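S.K.: Read off the chains here:
2 protein chains.
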Amino acid sequence: MNTRRDFLQKIGASALMLKLGSISAFANVPDQIEQAYEGRVLRVAIMGLGGYGTRVAEAMKACTKAKLVGVISGTPSKIKEWQTKYNIPEKNCYNYDNFDQVKNNPDIDAIYVITPNALHHSQVIRVAKAGKHAICEKPMALNAKEGQEMLDACKKANVKLLVGYRLHFEPRTLEVIRMRNAGDFGKVMFFQGQCGFKIGDPSQWRLNKALAGGGSMMDIGIYAINGARYMVGEEPVWVTAQETKTDPVKFKEGVDETIQFQLGFPSGAVASCLSSYNINYLDRFFMSGDKGYAEMQPSTGYGPIKGRTHNGELTQPTTTHQTIQMDEMATIIFEDKKPVVPVNGEEGLKDLKIIDAIYLAVKTGEKVKLRA
Amino acid sequence: MNTRRDFLQKIGASALMLKLGSISAFANVPDQIEQAYEGRVLRVAIMGLGGYGTRVAEAMKACTKAKLVGVISGTPSKIKEWQTKYNIPEKNCYNYDNFDQVKNNPDIDAIYVITPNALHHSQVIRVAKAGKHAICEKPMALNAKEGQEMLDACKKANVKLLVGYRLHFEPRTLEVIRMRNAGDFGKVMFFQGQCGFKIGDPSQWRLNKALAGGGSMMDIGIYAINGARYMVGEEPVWVTAQETKTDPVKFKEGVDETIQFQLGFPSGAVASCLSSYNINYLDRFFMSGDKGYAEMQPSTGYGPIKGRTHNGELTQPTTTHQTIQMDEMATIIFEDKKPVVPVNGEEGLKDLKIIDAIYLAVKTGEKVKLRA
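Residue numbers (full-length UniProt numbering), protein chains in the order written: chain A, 1 to 372; chain B, 1 to 372.
It should be emphasised that the hints constitute simulated quantities derived from the structure, not laboratory data.
Note that the structure is a prediction, hence the values are computed from the model and not measured.
Careful, some of the hints might be misleading.
Same chains, same names: a pair is fine if it fits in one copy or spans any two.
Unchecked claim - Computed cross-link-like contacts, DSS-like style, restricted to lysine-lysine with a CA-CA straight-line distance of at most 27 Å:
no.	residue 1	residue 2
1	Lys-156	Lys-252
2	Lys-252	Lys-367
3	Lys-187	Lys-369
4	Lys-209	Lys-363
5	Lys-252	Lys-291
6	Lys-61	Lys-252
7	Lys-245	Lys-291
8	Lys-306	Lys-291
9	Lys-198	Lys-91
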């Protein structure tokens with residue numbers, strides 16, 4: 001490794017210098033180091049080389065602070081393909097049997113777990129035990145109990161646990177949050193999150209209870225939960241929920257097709273949310289305050305987030321969500337940067353507690369209280 | 001009265017000729033009678049000369065099939081003002097004590113009841129007993145029991161009972177319904193109705209339980225109920241609902257500030273609705289089918305309804321809602337025209353049954369089943 005870079009990291013200078021801009025903090029450091037990223041680059045291995053894993057890998061090509069350097073997969077042919085495509089050395093390739101050995105690999109800093117939901121819990125704990133930082137795709141786990149165990153394991157191993165909340169770095173989303181914090185919407189009264197799509201291939205793991213841990217709620221409904229929290233800026237204190245199933249063949253026992261759910265916040269604001277694997281043309285967040293509103297549509301898709309407020313269109317420049325996410329995660333991991341909206345395990349756990357409450361509310365038909 | 005007009009009405013010719021357009025169905029009827037409306041003009045007295053009554057009166061200036069000819073009010077100065085403004089003869093003016101005498105007035109066909117909600121029940125029954133057709137502003141009554149009694153009274157008196165559902169005649173709304181009936185949206189899966197506004201003056205009758213019979217639900221939430229039914233094209237079989245109150249001073253016991261409610265339909269479609277007197281920037285209907293969608297925003301306001309479907313913007317020409325409504329109501333009353341979406345008492349009663357169920361669901365916290 002670059003010795004000067006190691007030195008700068010040790011003294012925490014890189015973060016400082018980024019803040020200082022063109023003013024050099026050290027007379028003996030040449031000016032040009034401020035032009036390019038001189039912080040420690042996050043060297044990432046992706047676990048799970050499916051559709052979303054590929055999307056992240058492609059997005060990481062444009063990263064300046066993070067780099068794809070390794071893979072973990074149960075399919076040797078996929079590993080070969082990725083090695084060629086992303087120039088990954090043999091020594092950074094693992095399968096699900098041997099990836100604990102990554103602990104002996106000094107060239108991998110973090111593992112991004114992008115596998116079916118039910119595997120996150122055990123895999124993140126193994127990553128932690130291997131002494132690597134864990135980035136875990138959402139949902140972080142199947143329930144709060146699992147999530148807490150993952151947090152505990154990462155804390156014990158002294159590694160970071162981050163959740164792939166790409167929208168927490170999305171510029172137009174952040175602008176709405178900035179406006180809310182500045183009081184531009186006045187008192188926030190209402191949030192609406194409509195998340196869903198008509199899912200295809202009935203044989204996919206997302207429709208398999210054992211792998212997905214649920215149905216639409218685990219995959220797409222979680223965006224409405226998470227969005228409600230970051231848009232309103234509060235933690236809900238109650239949940240009600242109603243499930244509807246029209247196709248019990250496609251959506252088997254334990255795999256939710258459509259769930260409507262409502263959240264109540266300490267301020268009195270309420271959220272009305274929809275999670276569905278069988279309703280098309282959804283992807284809308286709406287927030288209303290007594291002085292203004294924000295409407296984002298699409299609000300969670302992979303393409304540009306579009307939206308407007310009472311002040312007009314949101315025009316912040318956007319880029320590929322996963323590119324910003326991975327670059328920002330590098331600074332969170334190495335420089336302890338605090339993002340505006342957290343992406344740590346605690347944040348993931350908050351969503352899991354609400355998912356637990358939603359499933360309980362569906363089952364009992366009753367309002368479920370949450371601790372604020 | 002015009003004898004030829006009476007004759008045409010008797011044989012139902014005017015409706016027929018309107019359908020035939022420029023082709024004269026009768027050789028002995030001059031062509032020009034097809035240019036202007038030749039049906040019987042509905043002569044209306046408005047009961048309740050408040051803000052909405054004034055709006056209807058203004059809109060009726062442009063009517064060709066209905067005419068404002070009388071007033072009923074408890075405020076003599078208002079009567080004087082309206083007499084001058086709308087050229088209303090003294091003999092067509094009544095107060096709340098003497099309006100039963102309208103039964104002896106051959107120059108009034110119908111009375112449009114635009115008074116506080118709690119008065120509709122007794123007033124419509126008095127109108128029926130006076131042998132006049134009743135048009136009643138929504139909500140038709142405070143509950144289904146009252147609604148049924150009004151229906152029974154009008155049936156017994158052999159007069160029509162219509163409810164002021166202006167949107168049932170609104171061209172863009174009707175285009176969406178036409179598209180749905182034509183299968184353009186495919187299988188309808190979801191409806192969302194967000195209705196509400198931050199209400200002003202805390203002393204108004206709408207915030208008085210005794211006069212309003214409730215709060216936002218009676219006044220604005222009913223649009224979401226009614227919209228859910230005409231957009232989905234089915235009658236709901238279950239209701240769940242959650243009330244939130246942040247300002248118990250402004251919104252006293254029995255006056256709902258904000259209610260979220262959900263409806264389930266026999267097909268499996270669901271509706272997610274919001275009714276509020278304390279949330280701004282609402283007025284949106286959204287319907288999603290498996291082949292297309294409709295979004296209307298504003299969906300219920302007095303101005304032009306705006307919207308789009310998967311095929312693009314809705315561009316049907318619009319005009320003042322109440323003008324079309326009153327003209328259409330003339331043909332419903334005198335020619336027994338069947339509108340695409342009913343506006344009769346049975347239609348009003350369906351909404352009241354759902355309101356009853358919503359208030360029950362709020363009270364019990366449980367899902368309330370409805371008869372399909």
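S.K.: Quick check: which numbered hints come out false for this structure?
M.R.: Hint check: 1, 6, 9 fail, others pass.
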